[in-house]
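Sequences and hints are given; from them, build the entire structure.
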Amino acid sequence: MAHDTDPRVLIVGAGPAGLAAAHALARQGVGGILVIDRDDAPGGLPRFCHHPGFGLEYARWPYTGPGFVKRLLHDLKGADVRIACRTTLLSLRAGPEVEVVGPSTGLRWIRPETVILATGIRESNRGNLAIPGGRAESGILTTGQLQQIVARKVALPKRLKSIIVVGTEHVAFSAIWTARNAGLRVTAMIGGEDRIMSFAPFGGLARLLGTAVMTQSRIREIEAKDGAVVAAIIETPAGTRRLPTDGVVFTANWIPETAALAGGPVALDPRTAGPTIDQAMRTSTRGIFAAGNVLHGVESSGWCANEGRHAGDMAARFLRGEIDGNQAGARIELSPDLDFIVPQLWNGAGGLPFNLRMTADVGGRKLALTVGETILWSGDRRRLLRRRRISFRPAAEKAPCDGAAMLHLID
Amino acid sequence: MTYDIAIIGGGVVGTAIARELSRYDLKTVLVEARSELGDEASKGNSALMCSGVDVPAGSLERRLVRRGYARYCAEAPAMGLPIRKVGAIVLAWNEEQEATLDKDLADARENGFAAEALGSTEVYRRWPHFGPGIRCGLWLPDEAIVDPFSTPHAYALDALENGVEIRRAWRVQRAEPAAQGWRLHGPDGQLEARCVVNAGGIRGDEVDALAGHSDFAIRPRRGQYMILDKSASAIHDVIAMPAPTPTTRGILIAPTIFGNVLVGPTAEDVTDRDDRRVTEDGLRQLRHAIATIAPVLADQPVNTIFAGMRPATQFRDYQIIPRLSQRWLTVGGIRSTGLSASLGIAEHVVGLLIPALFDAPRKPNTRPITVPDLSEAAQRPWQDTARIHCDPDYAEMVCHCERISLGEIRDALASPLAPSTLNGLKRRTRAMFGRCQGFYCGARVQALLDAQVP
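So the protein lines, in turn, are chains S and W.
Numbered according to this note's numbering, the first sequence spans residues 1 to 411.
Numbered according to this note's numbering, the second sequence spans residues 1 to 454.
Bear in mind the hints are in silico, worked out from the structure with no lab data behind them.
Treat the hints loosely; a few may be bogus.
Claimed, not checked - Here's a subset of chain S near chain W, in silico, CB distances under 7 Å, partners left out:
hint	residue
1	R86
2	T88
3	S91
4	G127
5	N128
6	A130
7	G134
8	T142
The beta-carbon is built from N, C-alpha and C at its ideal position, and this holds for glycine as well.
Structure (structure tokens):
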């Protein structure tokens, strides 16, 4: 692709969603695809996760993180897709017009026919969570930072021999895996809920490996001395405990990466903090699609790749003039016990199931989608757990074409 | 070899004195205990350049803050140091505060400071996001925000370029009288100087004790801060603070030169000068200040929390003690206005030493230096198409939140007075300062540092 010609399709982010979107477009015969990624190699977060469990929903195989990335890149062999790493999305306007900077692109505006945003997500850190305590120059990390330190073979701080992990989602176990392989002792994992948010057997496994699993607990303070972490103060149902440790790794509390969208035309959903989309993965700005974890609190890499594939398919149909570039559908309003839903707009177009999260665990009730008094759809599950993905597919023909539908719980 | 002057302490005051002395034909050395300059009181402050209007009238502090402010405005731009005169609004919610503002306005007018009384309607017209109940405000248009990290670095670089020797990680362990002044013992040997300037900041009393002096004791005052994400600066772009009470200046909310919003400081007298803890109570006070002054900021994301330590003493004013006969000059108790007063203090101190102690001529020429302008309002290297065309490293972002390029990090690591720690590198480039605090770039930045610093 020549330097000064604009690509037909610009995909922002070369993680699972972006790479799968590129593959879907290429498979449908679309050429002139440019994938940009601000990191120094493609793959997104999975490339730093050297353990199995990646790509299952997409590729029916539990790859390692780097293995899944390799597979996604292999799928692109021979396609008219260029991946430009070290290249940053700066801002975005209707058109679409995209401002980027990078060693190969320079600083310029790109005017592609369509854009797919797949910019991913990050974890909350100690500052975001405002956890008080002492000042440490090292030893306070997020999983992402720990994984990159290990994957890039950067030396860990000399004084760091043991850590505690805050959080009990899948990523917390990824942190434990990474830490143990780097020779760190993981003395405890701390979670606020009454159970582990990842698969229950993982908790037993962690205990077997010598990690104390502390549920219904929270980290209240980090103690530091001479610039190094020495202990964490934990509130547990049995009272306050002081756990000696050299480090604290904060996991999860995901935040979609939307900095380049600030002040731009793409509407964000206050509940997810990511772009609002319809079932065709269209954002509020014509010709701009979105996929992957920028849309929601964390989903597996396979799920994200499936979203990317769907976004790629929809973008290809848009380029062929088969679907409109404008977002369409009825907005799904949520009752307060529901945390977020993606997509936020329902237009009966099919595609991926809806992905819902609860604000708290709910038992003995079920979900219902209603317009006025009319129930359009109701679920059959009666136990709904917080932070677990709840997927459902209401019948397409029932979708109202505009206005709003209400999703809430009924007895 | 014997130096004319040894400065102990490489904070904003010590480096400013070093820069000032570099203008004279003297052999000067600056020694800093820590491996980075500006690594104690100079790094954890409100980053304001105060005109002196809110410093007690008649004090040495006011005189030196005022002079420091004037000089900073005149000299900082040539060094590449940014200043934004965003102005300050001092707010009153009750009659007592209103009376304070009346007094402050009268004092400001009498002493020639710019100040304007604003009624409640005008306050809310200018800043509609302020919380309810404000009765009036005092507008101080000259108050400014600056880069607190680049300032001591620029002073030190200037001093170095003009002949001052700078030793880092050189903690003075012992001082003894020598034939011509003092012999200072450090980690790798000793040096002799005809005169010592103690700019020991938070450890100023300990440094004075090396020479047997105990005129003041440091009573460390901790200030906790919260930094809000860039989105907050679109809402709040003024230094806002409550009218002071007899005990404290109160917690302010101010934009930072890097495009964030800062909330703080608390004012807590602590016993341990290294106890830079953030506490639940401190965070509560900061959140209360937000709820009172600008409640709309309450749901802005917090990037980081930290605490700084002000080197207060039992006295209200600066403790600048020229013991010229003993060749030991102490610059102590520079509590919270050190950044603003730094160039004023430097001029004052050098005026005490020259010509009384050293009849040194002023050098005919000064070699200029510039440091990278790290302010958000400046043109960032990646925005400079010509620059990135010549060197594509400026187009490759390493720190994505602050948009700091590989080129900038490389330059900092290759510069004179290069940082040797991650925190030093952060303060020199802004890398890792942002909302992700290293989630994305921490490992890469560390790798770049490790490649340079064995």
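Review point. Would the hint on R86(S) stand, with a C-beta cut-off of 7 Å toward chain W?
Key: Where the cut-off is 7 Å and the nearest Cβ of chain W is about 5 Å from R86(S), the hint holds.
**Study point:** Restraint outcome when S91(S) is required to lie within 7 Å of chain W by C-beta distance
**Key:** violated, 11 Å
Practice item. Using 7 Å as the Cβ threshold, decide whether T88(S) counts as touching chain W. Key: Check passed: Cβ of T88(S) comes within 5 Å of chain W, closer than 7 Å.
Practice item. Return the status of the interface hint for T142(S): holds when the least beta-carbon distance to chain W is below 7 Å, violated otherwise. Key: It holds, given that the least Cβ distance between T142(S) and chain W is near 5 Å, below 7 Å.
Check your understanding: Taking the least C-beta to C-beta distance, is N128(S) closer than 7 Å to chain W?
Key -> holds, 6 Å
Review point. Under the criterion of a CB-CB separation shorter than 7 Å, is G134(S) in contact with chain W as hinted?
Key: holds, 5 Å
Review point. Do the numbers back the hint for G127(S), that is, is its least Cβ distance to chain W under 7 Å?
Key: Constraint on G127(S) satisfied, holds at 3 Å.
Practice item. Verify the interface restraint on A130(S): the C-beta must sit less than 7 Å from at least one C-beta of chain W. Key: holds, 5 Å
Comparing the model with each earlier hint shows a violation of hint 3 alone; every other hint is respected.
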